[in-house]
Amino acid sequence: MIPACRLADLPRGEAHRLDIDPPVSVFHTDDGELYAIDDTCTHQDASLADGWLEGCEVECPLHASKFDLRTGAVDAPPAKLPVRTHEVLVEDGMIFVRLSTEAPNLPPCVAARLAGGPA
Amino acid sequence: MRTVAVVGASLAGLSAARSLRKRGYEGRLVVIGDEPHRPYDRPPLSKEFLAGTLGEADLALERDDEDLQAEWVLGPRATALDPTERAIRLADGRTVRADGVVLATGAAARTLPGTDGLAGVHTLRTLDDARALRDELARGGRLVVIGGGFIGAEVASTANALGLDVTVVEAAPTPLAGPLGADMGAVVSALHADHGVRLVCGVGVKGLSGERRVDAVLLEDGRTIPADIVVVGVGATPCVDWLHGSGLALDNGVTCGADGRTTLAGVVAVGDCANWYDPRTGTHRRIEHWTGALERPDAAVATLLAHGACEPGVPRPPYFWSDQYGVKIQFVGHAAGADTVTVEEGSLAERSFLAVYRRAGTPVAALGMNQPRLFTRWRKQLAATS
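Quick note, the sequences are listed as chains F and W, same order. Residues 8 to 126 (the working numbering) are what the first sequence spells out, left to right. Residues 32 to 417 (the working numbering) are what the second sequence spells out, left to right.
Treat each hint with caution, since some may be false.
Claimed, not checked - Okay, derived cross-link-like pairs now, DSS-like style, lysine-lysine, Cα gap no bigger than 27 Å in a straight line:
| hint | chain 1 | residue 1 | chain 2 | residue 2 |
| --- | --- | --- | --- | --- |
| 1 | W | K78 | W | K359 |
| 2 | F | K73 | W | K53 |
| 3 | W | K411 | W | K359 |
| 4 | W | K359 | F | K73 |
Everything labelled a hint here was simulated from the structure, so no lab data went into it. As the structure is a prediction and not an experimental result, all values here were calculated from the model.
Starting from the given sequences, assemble the full structure and let the hints guide the process.
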């Protein structure tokens, strides 16, 4: 489990990005739910933590792809592949993330960079 | 409703088809497109696809596991709409009768008169256009882009990165003054000079020279710019000629409401071919943004399925993006009505800033360069307040 931040430091409507590789973000919805998904849009390199959080959906800040925070599913294109979802736990006011063991769906440019190739 | 025909198989048409199924429509769904391809994403055509870093399979808009249970009629162009029996006539002689029709025929790239058949002259709208241009750019040479709008600027940026010698010619004194206003149009189009691309403004194009293949662009002021490849990026016209005689009100596209409702019952219009009434501005607007083609069809489908008996909501302020020379440019709202533009964050010189347009003190638009986080906050705020 990875500590993310204190619950008190993550207001509703905000997101907190964990700078791990690949990055993961925790979203605190307006309804008070917490969700963690991969931070990188599966379409192109953009941080979903910078996106538009509305209900249980986040819209990529660049090209308007939408992802369901509960399932990671794509709700709107141009993205076609889901983001991974991660388990969120809160203990003693601290938010923790248990990372998914699945392989992430990273956009082509990021996948190439992680593989050591040209970006 | 037993049959719905969606005329147009690009983003607006696909979004309409998806909305129909999502909203529980289980009847026959016919999607008609005049290109042979399944729906594909156009924005990369001037960027990653042209640069060769994205392939055709990457452009597909449909997911692998997606099945809309639609009949796809791809290739023949729609030639007429018979309003009495709501029948769509196709160029191959077929007729599709429908209870509901979604018009999503988009727009076509404007061309320069008298340049038909001259090799080396391109427009960029379709996948086939992009394939042809990509193959030519790969051979290198001197590129002249006619039109300093977003498509022209993106092509210039991509070609510059590919190593071509690039000149952009713009008839107006400042490129992008329409969508961004003159001040910010100048700021964004300064990216060309930053990267060694020549920008020639305030002079029209008289014509092209060349026998079989273009060899130069002739300007109104007498100058000649040698060219191996010319890209004409001078806007697009709505594909609505086929609707003359249908009884639909046509004026710079299909005249319709924010929810796509037209002057004919059972017919709605979406995407680039729709000139829709925007309650935010109190005027009809035909907006060619990708996000409009994505978002507005849902309202149009709701109207169609409810036989017009639903109140149109207020759509989000129009949003578009452009990627040029590695800079992410984002714009939301309406620049035309603004009386001031102020830089709220960052610096123009560093090409990283957020500027807000205001009318009588009220924010009406925002422009970001390499500021996606801050820009999205403003986009959200403008949707809530404007």
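Status of the hints after comparison with the structure:
no. : hint             : in the structure
1   : K78/W to K359/W  : holds, 12 Å
2   : K73/F to K53/W   : holds, 16 Å
3   : K411/W to K359/W : holds, 18 Å
4   : K359/W to K73/F  : holds, 19 Å
When the structure is compared with the earlier hints, no violation turns up for any of them.
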